[in-house]
Amino acid sequence: MLSRRASVGLGLVVLISTLGINGCVSYRLTGLYVEPSAGACIPSNSTAQFTAYGIYTESGHAADTRNITDIVTWTTDLPELATVDSSGLATSSSAIGLTNVKASAQGEFDLVWSSAPLTVKSDCVSSSVRTLSSIQILPGDQKLSSIGDTSQLVAVGQYPIAPFSDDLTSQVTWKSSDPQVATVSAAGFVSATGAGETVITASRTTAKGTVVIATEKIQVDGTSATQ
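Just so you know, we're using my numbering here: the sequence shown kicks off at 70 and counts up by one.
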């Protein structure tokens, strides 16, 4: 039988391993995306930089997006057309065609991965990378009448070259400024939890390291849905 001191010590070890050094439950990798998501077009025998971002979540906490380019496994569908190194730098061969650049990593529940197309052809220029310029959250500011009410938000990415928009709902990082008023899931699903006002933020980091952010307000009155 463990002594009281040993039991307390064992409990502390378990608590520390669960909470981590910052006193918060450890975040887990649950998804990732590759930037530029719309891919790149480059000539033969040239390069394009891809970046992998991991989405880390934990129940009751805001999702956290981190640059994990150096820890994912990079591959291409057609190595004879283009290869990609451990830093996400893709290098094309003398051939022309289309391949996918893929990043994968072991997540909390299973392998998570994402890919983006890489086009190799003679009339491409190295700068023809479609980069996210802004995000719009649809619908706009909302008022939820009762605690327990829900709403689905959609994040639309805007780009300077065609195609000019993409649905990024499952690829942005969602956050509520006040979860006591409303929470938001990784898929943009809002649930009213209390009276007041909160700001919902959708953010995404581009391959250039720029963080693109959009916000909207959610108002909730104090009526319980069960009343």
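These are calculated hints, taken from the structure and not from any lab test. Quick reminder that beta carbons are idealized off the backbone N, C-alpha and C, glycines included. Check before you lean on any hint, since a few could be wrong.
Stated by the list, open to error - Cβ pair distances, simulated, as ranges:
1. I165 with S254: 38 to 48 Å
2. V223 with D133: 34 to 44 Å
3. G166 with S234: 19 to 29 Å
Evaluation of the provided hints:
Checked against the given bound of 38 to 48 Å, the beta carbons of I165 and S254, roughly 42 Å apart, stay inside it. Distance hint for V223 and D133: a CB-CB separation of about 22 Å, inconsistent with the stated range 34 to 44 Å. At roughly 27 Å, the beta carbons of G166 and S234 sit within the given window of 19 to 29 Å.
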